[in-house]
Amino acid sequence: MIRFITQRLIQLIPVLFGVTILVFGILHLTPGDPALIMAGESAPEATVNAIRRRLGLDNPLHIQYFDFLKNVLTLDFGTSIRDNIPVSDHISARFFITFELAVISTAFSIFAGLLVGIVSAVWKYSFWDVSLMVITLFGLSMPNFWLGLMLIQWFSINLGWFAPTGWGNPNQMVLPVIALGTAGAAIIARMTRSSMLDVIGQDYIRTARAKGVKERSVIFKHALKNALIPVVTVAGLQFGYFLSGSVLTESVFAINGLGRLIIDSIFARDFPVVQGTVLVLAVMFVTVNFLVDITYKFLNKRVDLN
Amino acid sequence: MKTSEDILREEENEEILRVEGLKQYFPIKGGFFGRTVNHVKAVDDITFTVNKGETVSIVGESGCGKSTTGRSILRLEEPTEGKVFFEGKDILAQSKKEMRDMRDDLQIIFQDPYASLNPRMTVKATLMEAMEITGAVPKREREQRVIDLLETVGLQRHQMHRYPHEFSGGQRQRIGIARALSVNPKLIICDEAVSALDVSIQAQVLNLLKKLQREMGLTYLFIAHDLGVVRHISDRIIVMYLGKIVEYGDTKSIFENPQHPYTKALLSAIPVADPRNKSDRIFLRGDIPSPIDPPTGCRFHTRCPFATDLCKTDTPVLENKDPESNAKHEVACHYALDIQSGKHEANYEMRDVRKNIDDESLEALEGQEEERY
Amino acid sequence: MAEELQQTNVGLDESPEAVLKVDDLRTSFFVGKSEVKAVDGVSFEVPKGKTLGIVGESGSGKSITALSILNLIEKPGEIKGGSIKYKGEELVNAKISRMRKIRGNEISMIFQEPMTSLNPVYTIGDQLSEVIKIHQKFGPKKQKERAIEMLKLVGIPSPEKRMKQYPYELSGGMRQRVMIAIALACKPELLISDEPTTALDVTIQAQILELIKELQEEIGMSVIMITHDLGVVAETCDYVAVMYAGRVVEYADVYTLFENPKHPYTVGLLNSLPRHDIEQDELVPIKGNVPAPHEMPPGCKFAPRCPFASDICKEMPELKKIDDGNDVRCWIYDERWDGEKGVKVYENK
Chain A
-11 MIRFITQRLI QLIPVLFGVT ILVFGILHLT PGDPALIMAG ESAPEATVNA
39 IRRRLGLDNP LHIQYFDFLK NVLTLDFGTS IRDNIPVSDH ISARFFITFE
89 LAVISTAFSI FAGLLVGIVS AVWKYSFWDV SLMVITLFGL SMPNFWLGLM
139 LIQWFSINLG WFAPTGWGNP NQMVLPVIAL GTAGAAIIAR MTRSSMLDVI
189 GQDYIRTARA KGVKERSVIF KHALKNALIP VVTVAGLQFG YFLSGSVLTE
239 SVFAINGLGR LIIDSIFARD FPVVQGTVLV LAVMFVTVNF LVDITYKFLN
289 KRVDLN
Chain S
35 MKTSEDILRE EENEEILRVE GLKQYFPIKG GFFGRTVNHV KAVDDITFTV
85 NKGETVSIVG ESGCGKSTTG RSILRLEEPT EGKVFFEGKD ILAQSKKEMR
135 DMRDDLQIIF QDPYASLNPR MTVKATLMEA MEITGAVPKR EREQRVIDLL
185 ETVGLQRHQM HRYPHEFSGG QRQRIGIARA LSVNPKLIIC DEAVSALDVS
235 IQAQVLNLLK KLQREMGLTY LFIAHDLGVV RHISDRIIVM YLGKIVEYGD
285 TKSIFENPQH PYTKALLSAI PVADPRNKSD RIFLRGDIPS PIDPPTGCRF
335 HTRCPFATDL CKTDTPVLEN KDPESNAKHE VACHYALDIQ SGKHEANYEM
385 RDVRKNIDDE SLEALEGQEE ERY
Chain R
45 MAEELQQTNV GLDESPEAVL KVDDLRTSFF VGKSEVKAVD GVSFEVPKGK
95 TLGIVGESGS GKSITALSIL NLIEKPGEIK GGSIKYKGEE LVNAKISRMR
145 KIRGNEISMI FQEPMTSLNP VYTIGDQLSE VIKIHQKFGP KKQKERAIEM
195 LKLVGIPSPE KRMKQYPYEL SGGMRQRVMI AIALACKPEL LISDEPTTAL
245 DVTIQAQILE LIKELQEEIG MSVIMITHDL GVVAETCDYV AVMYAGRVVE
295 YADVYTLFEN PKHPYTVGLL NSLPRHDIEQ DELVPIKGNV PAPHEMPPGC
345 KFAPRCPFAS DICKEMPELK KIDDGNDVRC WIYDERWDGE KGVKVYENK
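Protein chains in written order, with the working numbering: chain A, -11 to 294; chain S, 35 to 407; chain R, 45 to 393.
There may be inaccurate statements among the hints.
Stated by the list, open to error - In silico SDA-like pairs for lysine to any residue, Cα to Cα no more than 20 Å straight-line:
id: 1; chain 1: S; residue 1: 355; chain 2: S; residue 2: 383
id: 2; chain 1: A; residue 1: 285; chain 2: R; residue 2: 323
id: 3; chain 1: R; residue 1: 257; chain 2: S; residue 2: 244
id: 4; chain 1: S; residue 1: 244; chain 2: R; residue 2: 212
id: 5; chain 1: A; residue 1: 209; chain 2: R; residue 2: 184
id: 6; chain 1: S; residue 1: 245; chain 2: R; residue 2: 323
id: 7; chain 1: R; residue 1: 119; chain 2: A; residue 2: 186
id: 8; chain 1: A; residue 1: 213; chain 2: R; residue 2: 318
id: 9; chain 1: R; residue 1: 119; chain 2: A; residue 2: 203
id: 10; chain 1: A; residue 1: 112; chain 2: R; residue 2: 184
id: 11; chain 1: S; residue 1: 245; chain 2: R; residue 2: 122
id: 12; chain 1: R; residue 1: 257; chain 2: S; residue 2: 245
id: 13; chain 1: S; residue 1: 117; chain 2: S; residue 2: 96
id: 14; chain 1: R; residue 1: 119; chain 2: A; residue 2: 114
id: 15; chain 1: A; residue 1: 112; chain 2: R; residue 2: 122
id: 16; chain 1: R; residue 1: 257; chain 2: S; residue 2: 316
id: 17; chain 1: A; residue 1: 202; chain 2: R; residue 2: 140
id: 18; chain 1: S; residue 1: 286; chain 2: R; residue 2: 318
FYI, nobody ran anything at the bench for these hints, they're computed from the structure.
These numbers come from a predicted model, not from an experiment.
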C-alpha cells in the first residue's frame, strides 16, 4: 500500500508541472501584451515598460517561467494589480468558503445519489425506480446557475424559506449546495443504480443469500461495497467539477469564494490573481484525484493484479 | 481394428506439418515506463510432426500452452522462436502476402462459434467473405459452393439467409466448420471446437468431423481438454504441461500405457461413466505453477509424486523409453521405466486429497457435531 | 427442534428415509407476457446420507430446480407450484425468516463458478466466519477457530494465513474448497452441488469430488449433485434423475441407470458419450437440437428427437415405475403404446 502511494505521489510530479505550464501560459501565451492590457491602451510607453519590468516580462520566456515556478513553490503568487494586496492573501481569505461549498455539495450529492441509486436498484422497474430515474434525468440536464436562479425564485422570493445570498449560516448554505450538488447527485444516483444492478446479478450475491445472510446485509454489506468501487471515482471527479462549478454558483448566490474572485479578477484584468486562483484550484483538483485513487485501491484490493 | 484406409494412410505417412523448437513468450509489462519485466512462457521449445490425413490432439490443463500452440502455428500470435513447416515451407518465413495464400490451406475452428461469427452477417455472407478474401473459389461458383457447404455440414439451404443468433450452439459450430471448409483447406486446427457443446450435440459434430476427414482427406490438429473426445478422434496424442510436451504417442498406447506421471494422474482423474469401474485416483498435490516463472528442470517436479533432486535440475528429454514396444511413444521423464517396473516409488501419499489434515481438527469437528444434537 | 430430532432418529433403521421430497415442482420465468416453464413438474427424493445426481444438458432445468429448493429464484422467475418437503417441512411458501435459517445451515449450496462465487472485497476469513456467525451462537474467537478448522478440513494449507487473504489470491480449486468450507461450516443435512467442478481442470475436479465424498461420509449429509457429466454421475451418485426440458424423464439407482437405461433420451446420452476408458466405434448422437421454449411440442418433449416416437407421444407420458425398478416417463413401457412392440431401446454391450 505504501509503495502504491509513493508511486502515485511520484506520478503527481509531472502532472503538477503540466498544471503550472498551463497556468503560466494563460498569461503569457495568449495574444496581446499583458503589460499593455494592464496599463490600458492609452498609457504612456514608460508606464507600460515599468509594468513589464515589474512583472519580469522583459526576460526570455523560459526565465519568466522559472521565476514563476520559484515563486509558486514559496506560495508567492505575486500581488494583485487592483489593490496591491498579495494574491496569496486574496486566496487564503476565500479559499475556505469555496472548499466548504465543494465539500458540502459533494457530501450532499453522494448521500442523495447513493440513496436514490440504491432504492432504484433494489426495487428496479418499480414506480419509485422509474420516477426517480426521470427526476435524475432532469437533475442532469439542468445547468447549475439556472437551477440556482429558480431555487432563489421559489424558495427565497416566493416562499421566503432560505436566504438568497451569502454564505456562512446553514440557512444560506441550503440553496447553493442544492444548486451545485444536484447534477452530481443525479450522476451518482444513475451510476450507483447501474453498478448495484450489475453487482446484485453477480454469483457472490447468490452465495451470500445461500448462506442465509439477511437481505439488508446482502444489499449493504455484500453488494454496496462492490458497487461503490466505480462510484468512488465518479464522486471524486464531482468534487473537481464542483470547484469549477463554484465559479457560476458563487456568482448567482453572491458568495465571496474563489469562483467569484476569478470572475471579478477577469473583469478587472487582474491577471496575477486569476493565475494564482486557477493554480490553487487545479492543484486541489489533482490532489482530490490522488485521494480518489488511494480510496479506490483501498476498496478494490484486486487493482494490483492488473 | 485397422481398416484398409488406415493402412493406406500409414503407408503414405506423408508429413504435412512440422513444428520445430517452437517458443511463444508473452512479455509482461510493468514499472513506470512499461518495460518488459518478465515473460509468460506459454509455449517453451516444443517439436512435433503431423502426417497427412491424420488427427493429432494436443491435450493438457489450462495454462499448458495447447491453445497458444495452435495460434502460433497460424501466426495469429507471432512466435518468439522456432520453425513451423507446412508442406515443407517455413510458415514463419513467409511474407504477409504469401501467408495469406497459405491461409487457404490452414484453417482454424474456435470453441465459441458465436464469438467468432459476425453477428450482422448472414451465413451466406460469412461464407462468401471467406472465399473472397482468399480467392480460393471462382466468383461464379461461390453461391453454389455455399449451398454445397451447408449440406456438407448438415444445415439446410434455406438457412443461409439467417443470422448467427438464429442458430443453436451446435448449428453455429457447423457454420464455423463450413467457413473453415469454404476455402478447401488441407489442415484444420480445432481449438476446443466441441468443448462448449452438450454431449448429444458434441457427438453430432465429432461424427461430422470424422466424416469430412474420410471424404476430403483433411488433417486435424485437435486441441482439447476432454480426454474422452480426444481418444475418440485422435490417431496420436501430445500431452502438454506448462508449455512443454511431456508425452507423445499413438492414442491407444497413451491411454492404455501412459508413462509420464502427469499423464497417469490426468487419466486417473477423469470420472469414468461406469459406476462399477471407479478409477484408482492419483491426487496431485498443489496447483499448476505459474508459467511466468516455471519450475526448473522437469516442470512437473513440484507436483510429481516421484520427483527427486535430479528432476529439479535436469530437464528430461522427450524420447522413446521402451524399445520393446513398437508403438510410437515418447516420454519426457527421467524415471519413466523405473516407475513402470516399480523400481522407483512415490515419495508422497497419492491417494489422500487432504494431506495436511491432522487428527486434531477432525476430533474437534466431531465434538461440534455432538454439541449440535 | 424437537420434531426434527425425532425424525433424525428414525433414520437409524434400514428404510431409506428421504431428507428432501420434491413433488411436482414448477418454476417459470416470465418474459413480457410469455411464460418459460424452466421446471415443469419435477419430482424426486433425496435419501438420507445418499447422493442424488440430477443430470441433464443445458436448458434442462437442473440448476433452476436446485435454486428452487432454497427459494433462491430471482425475478422474473417464480415458483409456481408443487411441494418441496425438507424433513416433512414444506419449503414452498415458507416464511423468508425460516428459509434464512435453513440456508447455509441445514441445506447448503455450492456453485459452478468458484472464481466469481466469493465476494472479491472481503477476506476468506470474513466470508467463512459470516456463515458461522449467522447460524451458530459463537463468540468472535470461537467463530475464528471454527473457520480455521473448516479450512483445515477441506485441505487448505496454512489456513491461518488464508483467512486474511482475498479470493483473488487463491486458485480456482482453492476457492472451490473455500466454498465447500463455507457450505459445510454448519454441518448441513443436505448439500446441493450445482456443477461444482465444471469450471475446473480435471485433476482439480478429481480433488473436489473426492473431498465432497469424504466430507459427506464424515458429516453424514445427503448430497444433490447437479451435473451434465455422466462420468461425474457414475463416480459420485447413488441415485440419478435424468432431466430433459424441465422434467425428470428417468429415475433409477446409478447401477440400473448405466446398465439398463430405459428412456430413449438416457440411452441417447450414453451412446453420444465419447469415453476415455474404452475403445468405441462410431458415436451415435441424438438427432436435432433441444427445441426453443416457444417451439416445445405438446406431449413428450423429447419426441421430435426420439428415434422411436409414435402418435401417442403427442400426449405427455407419466413418470412411472416399470418392472426393473426404473421410473421412466415414456409411452414405450405403457400398455397404450402404439409403436413397434417389444422395441429394444438399449442393448447392453
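Against the structure, the hints come out as follows:
Using a Cα cut-off of 20 Å, the hinted pair residue 355 of chain S and residue 383 of chain S is violated, with the two alpha carbons roughly 26 Å apart. Restraint check for residue 285 of chain A and residue 323 of chain R: not satisfied, since their Cα atoms lie roughly 54 Å apart, outside the 20 Å limit. Restraint check for residue 257 of chain R and residue 244 of chain S: not satisfied, since their Cα atoms lie roughly 38 Å apart, outside the 20 Å limit. For a cut-off of 20 Å, the pair hint linking residue 244 of chain S to residue 212 of chain R is broken: about 41 Å separates their Cα positions.
With a CA separation close to 18 Å, the supplied pair residue 209 of chain A and residue 184 of chain R stays within the 20 Å bound. Restraint check for residue 245 of chain S and residue 323 of chain R: satisfied, since their Cα atoms lie roughly 18 Å apart, inside the 20 Å limit. Distance hint between residue 119 of chain R and residue 186 of chain A is fulfilled; the C-alpha atoms sit about 15 Å from each other, no more than 20 Å. For the suggested pair residue 213 of chain A and residue 318 of chain R, the alpha carbons sit about 46 Å apart, so the restraint of at most 20 Å is broken.
Of the pairs offered as hints, the one joining residue 119 of chain R and residue 203 of chain A holds, with about 15 Å between alpha carbons and a cut-off of 20 Å not exceeded. Straight-line distance between C-alpha atoms of residue 112 of chain A and residue 184 of chain R comes to about 36 Å, which puts the hinted pair past the 20 Å bound. For the proposed pair residue 245 of chain S and residue 122 of chain R, the alpha carbon gap of about 45 Å is over 20 Å, so the pair is violated. Taking the CA atoms of residue 257 of chain R and residue 245 of chain S, the gap is near 41 Å; set against the 20 Å cutoff, the hint is violated.
Simply put, residue 117 of chain S and residue 96 of chain S have alpha-carbon atoms about 24 Å apart, too far for the 20 Å limit, and the pair is violated. With a C-alpha separation of about 12 Å, the suggested pair residue 119 of chain R and residue 114 of chain A falls inside the 20 Å cut-off, and the hint holds. A threshold of 20 Å between alpha carbons decides the hint, and for residue 112 of chain A with residue 122 of chain R the separation of about 17 Å falls inside it, so the pair holds. Of the pairs offered as hints, the one joining residue 257 of chain R and residue 316 of chain S holds, with about 16 Å between alpha carbons and a cut-off of 20 Å not exceeded.
The suggested pairing of residue 202 of chain A with residue 140 of chain R holds, with an alpha-carbon distance near 9 Å, which does not exceed 20 Å. Proximity of residue 286 of chain S to residue 318 of chain R is assessed by CA-CA distance (about 14 Å); at most 20 Å being required, the pair is judged to hold.
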